[in-house]
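A.B. asks: Read off the chains here:
Number of protein chains: 4
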Amino acid sequence: MILPKNNRLTPEQLNEVTSIVTEFGCQIQPIIGAIRTIYAIVGDERDELMMNRLEGLTYVDRIDRIQSPFKLMDKRSDLASHRIKLGGITLGENLLIIAGACTIDPKNPNYFYETAHAVKEAGAHVLRGGVWKPRTNPYTFQGDVKSLDILMEASRRTGLPVDSEVMEESHIKLALDAGVHSLQVGARNALNYSLLRAIGRAIAEKDTAVLLKRSIHMGPLNEFISAAEYIAAFGNPNVILCPRGTTPTLDGYRNHPDESITPLLKEKTWAPVVVDPSHSVGKSSYVPAAALAAVAYGADGLCIESHVEPAKGIGDDPKQALTPDVLKKTIVQAKQLWNLKRN
Amino acid sequence: MILPKNNRLTPEQLNEVTSIVTEFGCQIQPIIGAIRTIYAIVGDERDELMMNRLEGLTYVDRIDRIQSPFKLMDKRSDLASHRIKLGGITLGENLLIIAGACTIDPKNPNYFYETAHAVKEAGAHVLRGGVWKPRTNPYTFQGDVKSLDILMEASRRTGLPVDSEVMEESHIKLALDAGVHSLQVGARNALNYSLLRAIGRAIAEKDTAVLLKRSIHMGPLNEFISAAEYIAAFGNPNVILCPRGTTPTLDGYRNHPDESITPLLKEKTWAPVVVDPSHSVGKSSYVPAAALAAVAYGADGLCIESHVEPAKGIGDDPKQALTPDVLKKTIVQAKQLWNLKRN
Amino acid sequence: MILPKNNRLTPEQLNEVTSIVTEFGCQIQPIIGAIRTIYAIVGDERDELMMNRLEGLTYVDRIDRIQSPFKLMDKRSDLASHRIKLGGITLGENLLIIAGACTIDPKNPNYFYETAHAVKEAGAHVLRGGVWKPRTNPYTFQGDVKSLDILMEASRRTGLPVDSEVMEESHIKLALDAGVHSLQVGARNALNYSLLRAIGRAIAEKDTAVLLKRSIHMGPLNEFISAAEYIAAFGNPNVILCPRGTTPTLDGYRNHPDESITPLLKEKTWAPVVVDPSHSVGKSSYVPAAALAAVAYGADGLCIESHVEPAKGIGDDPKQALTPDVLKKTIVQAKQLWNLKRN
Amino acid sequence: MILPKNNRLTPEQLNEVTSIVTEFGCQIQPIIGAIRTIYAIVGDERDELMMNRLEGLTYVDRIDRIQSPFKLMDKRSDLASHRIKLGGITLGENLLIIAGACTIDPKNPNYFYETAHAVKEAGAHVLRGGVWKPRTNPYTFQGDVKSLDILMEASRRTGLPVDSEVMEESHIKLALDAGVHSLQVGARNALNYSLLRAIGRAIAEKDTAVLLKRSIHMGPLNEFISAAEYIAAFGNPNVILCPRGTTPTLDGYRNHPDESITPLLKEKTWAPVVVDPSHSVGKSSYVPAAALAAVAYGADGLCIESHVEPAKGIGDDPKQALTPDVLKKTIVQAKQLWNLKRN
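Chains as they are written, first to last, in our numbering: chain A, 3 to 345; chain B, 3 to 345; chain C, 3 to 345; chain D, 3 to 345.
Be careful, since some hints might not be right.
Stated by the list, open to error - In silico DSS-like cross-links for lysine-lysine, where the CA-CA straight-line distance does not exceed 25 angstroms:
id: 1; chain 1: C; residue 1: 285; chain 2: D; residue 2: 285
id: 2; chain 1: C; residue 1: 270; chain 2: D; residue 2: 285
id: 3; chain 1: B; residue 1: 330; chain 2: B; residue 2: 270
id: 4; chain 1: B; residue 1: 285; chain 2: A; residue 2: 77
id: 5; chain 1: A; residue 1: 87; chain 2: A; residue 2: 73
id: 6; chain 1: A; residue 1: 331; chain 2: B; residue 2: 285
id: 7; chain 1: C; residue 1: 7; chain 2: A; residue 2: 270
id: 8; chain 1: A; residue 1: 122; chain 2: A; residue 2: 268
id: 9; chain 1: B; residue 1: 109; chain 2: A; residue 2: 330
id: 10; chain 1: B; residue 1: 331; chain 2: A; residue 2: 122
id: 11; chain 1: C; residue 1: 343; chain 2: D; residue 2: 343
id: 12; chain 1: C; residue 1: 330; chain 2: D; residue 2: 337
id: 13; chain 1: B; residue 1: 122; chain 2: A; residue 2: 343
id: 14; chain 1: A; residue 1: 285; chain 2: B; residue 2: 330
id: 15; chain 1: A; residue 1: 343; chain 2: B; residue 2: 270
id: 16; chain 1: C; residue 1: 343; chain 2: D; residue 2: 337
id: 17; chain 1: B; residue 1: 7; chain 2: A; residue 2: 343
id: 18; chain 1: B; residue 1: 330; chain 2: A; residue 2: 343
id: 19; chain 1: C; residue 1: 285; chain 2: B; residue 2: 7
id: 20; chain 1: A; residue 1: 285; chain 2: B; residue 2: 343
id: 21; chain 1: B; residue 1: 331; chain 2: B; residue 2: 270
id: 22; chain 1: A; residue 1: 268; chain 2: B; residue 2: 7
By construction, these hints were calculated from the structure, which means they are not laboratory data.
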């Protein structure tokens, strides 16, 4: 839909517009209004280059996009009936709980083994554990590949599938070879298209899921779904969207809680939404409330940081991990709310 | 706490700083660190003018405020044990429900009378109804004083106390004389200090409550509580804080849902928090989820728009009002969640 | 332009939509696209109630507004040829400079008299001086009506017209009777429609200008121009738009500098734009750069705080006022840039 | 600086705090105020893990950081006297101009060759040209390694050094082997720490510069400088910071112009700042104003998109590239403003 700056395009302008869209297989249909005439683009308007050219015309005020830019992740695409399974749960049918430590401590593996047993006991379906860690500060511990063994050993001991973040192409193969069940793309890499592409390709043939965190700073909704579209377009349709807070404001949270994006995502895409309340609010005392709010907004699951002794954690755990008893209570209430909403 | 730009203040700079704070009855105490020396302000640091002068010094990097700026609304003030009652509910002890139409239609009063009965039946404790309406567009219906009679008549018919917005000083007297039980300060007037002052004074001697909406654009937490402090400082301590969404983003809501501010407010102030999910999300289909999220975050009450026939409403109702049956279900679930959180 | 959730409206839905728009004198014209059909509203689509009703329909995805909502302030309205004069300057033809103190100190009027002479000498065309002051903190000095005499005396002594903020209806008459040449609406009152209306009415017959500050938190462009439309609609077309920074971010400024909004405003409205760099950046050392940036973006004028001895000021001056020599240099450079852009 | 929730820490709490900081080689020094006691951390407070542990204590209200987290990029570090040279310009001494096309069209190399000559003639010191392109949409042209030859051929023909974006580790070697003079890190990769590390290592021994774009969504200032710290910490100190607009708002720009961050960056870091007005405003008609505003705020250089025939460009050029004559005029005015500010 092209809105001209003036009330209508001159014949020369209409010619130029027509010649651009024709090049991309579209047509122009004017809609004559009482005051202003607008110009519909009939055809597939999703080519960014066509849109760039039209928006570059000095006499065009703005272009309203009518079509969804998502071929695979759109709610009306053929993929929409696809169901993702993880930890024995079919997403959408039951509330999925992912829980575990932010960062595995390679020097003290027992903390992680104990945490693994504790989150299973508390009701988690999937165990999370950080092997490599992106840190704002280059001088802070950045993770250790040895933790991958600890992660898989915890998986064997508990029988829980595991989720872990990969930060670069080389990590993908290591993680898949070790048998990680769900690859996490961290918030800082949500727009790292090279990584998204590599993940899409690497697990095209497997059952592995991808937990795609929302970029800490991702503004518009479409950018988030586009990142998922990348992974799907290159071969893996098992993408789970994970809001985890956006750019911090002056309000006082670590980030700005964004569980409220859930119903908006669900109007546009069929992808399940698993919210991470831990990073969103960034302080353990707020996490149970944020977890319930996510379920209130329709989340299909929760990804919560937990540690048997948070103060001994080496990542964000001292600040934001729940102890197993608080985790358990939170899971129980979250499931009660999930059921309450379904009555 | 004064942080100098360099590692420490020169003797001349220290002299200047000392002479400024002394003028306001404070003292300076240096804290000598390994690398940098910082300078504590000992005394009452709340005078804005003293702070402005210190921040105006070229060699000062920044000032960290240590004290709460709120004398009355602070959680640690003498007022903290004050309890507000409205609609038979003591706030904090039970979930307060305010419900009703955005704007009373003076030509069709029956819609409002029917809505009043319906919201009572659905479980509301207080009836809301708009008499005067702030509108972005100067050519849209701005309310009518005749609706005040309809509002009070509905109160008599149902026995429900009523809440209604006042936009200027002249409205306050009209509303109080008519017997309105709770005055609402709309989001657009949350920084209109002349109005806040007039409300504080007008109801100093009465039991009337004030529902203070958060400005649609209010960023920092402190600004919201400061607006409440105005009302209390001029005489009325019955201030209820009402988050209702902040500046819209590209996400797609009318505003940006802000129920998550609730626990942060409760750490700073004793004031009860009643969330308005209707304006926050701006579309009736999202309101039930947002209402539950508010309770998840610890809200003491909800203020929800409802109308027996939303499409016939003359304000925001066609878009955001719940029908009485959806309202009823929302109230039931909200109360269930409120109880669930208390177990 | 109505975009349905599904590919096209059912006959029943089209009937309902048609009956709503017909009630407001409009018609529906479907535009049949390859994949999706959209529905143009032919007629005057500016009635908010019609739009609310359409947006309230569950089968409507979104509505794209085509028409400008501004009858008077729109760039294409009949008022567009109106020129505003202030301080001997026709806005748009020369760079207008407004300068002076944030708050007049009623106990030490000489500071203001000296400042008035100094800003005139530095090249200012209009003298600003605060009589009443909105303060976030209710316990801080809020201004004094006695300062109105000092303001007018400074005007007589220097021959400069004066600009001053009014905060409530009672101030308007006092200011106009005293002879204030330009009324300022502060950022906190930019959405106080009762005040905007009263100002529009009060000066309908006079030559007085209105300097309308952008709300500290005003997000969308349209809301700012709508506030101007209020003043014009009730009688006064001499509205000058004054960006002065929006909600503070974590970047470190008092507010978020918003001079970049200038070219966007000028695409929608004919109103002149005078930027206030002092409040925007909030620290005198940044003000000269911000003033030049405003001229770079096409501002028609600048409103700058200045004080002969900033540290003795009683408002924001200690932090943000320029000394007269820095003001002078800033004005000289701003005019050079203004000319440079015109070559 | 630790601020407790209550007026002071209990002896047990003080013990716990002391034992945490001692573990990291620091000490606690209480500062007894009139109302509240605060606790200074004496020693190197930069360890994130220590901070996480302290922030995780339930009785801690907040922690104010006193020290800069930047060892190398801080304005007071030993590196602060380092000067970066590019295109014959020593940054800080003269205004650096980088100009060229967004994306090189491998099928029509002549457009790029002609653009290269034209930007040189217009006054640019460095030629930019995109070989690989991050695109939000996975189905859009993502660049082609063949364009690397075209880029270097243009460099040879004009004698201009070249700047080009690298998106993954494999690109770094290709670009350095070809002889690219300045590697660009795009906004989407500004938090891709694996890439930043690889760049730091790869060019530790070379003279190559890095143009680090600010993430489209980067909120706090510190995050931007931290990304630069990564590159420097792993070996390359030639980092240039490039603001290019942040998360789009409803105002109407492609992004939110952020040239105003320049003076804030310069207070914290010695790194030069080169602003990209093209991506910031996203439309060629606004670019000249935004370029001047960047110089007004103290930018050391500009990075501007230009194309001999914007409508034929295959990236963002149709929308935002300047034609050579507009580029030339912009450069002339930018240099005039640069000189004017130095008088």
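A.B. asks: Take the hints in turn and mark each one as holding or not.
C.D. replies: Here is how each hint holds up against the structure:
no.	hint	verdict
1	C:285 - D:285	31 angstroms, violated
2	C:270 - D:285	16 angstroms, holds
3	B:330 - B:270	33 angstroms, violated
4	B:285 - A:77	20 angstroms, holds
5	A:87 - A:73	22 angstroms, holds
6	A:331 - B:285	32 angstroms, violated
7	C:7 - A:270	10 angstroms, holds
8	A:122 - A:268	29 angstroms, violated
9	B:109 - A:330	55 angstroms, violated
10	B:331 - A:122	34 angstroms, violated
11	C:343 - D:343	15 angstroms, holds
12	C:330 - D:337	22 angstroms, holds
13	B:122 - A:343	23 angstroms, holds
14	A:285 - B:330	34 angstroms, violated
15	A:343 - B:270	32 angstroms, violated
16	C:343 - D:337	12 angstroms, holds
17	B:7 - A:343	55 angstroms, violated
18	B:330 - A:343	14 angstroms, holds
19	C:285 - B:7	15 angstroms, holds
20	A:285 - B:343	19 angstroms, holds
21	B:331 - B:270	33 angstroms, violated
22	A:268 - B:7	49 angstroms, violated
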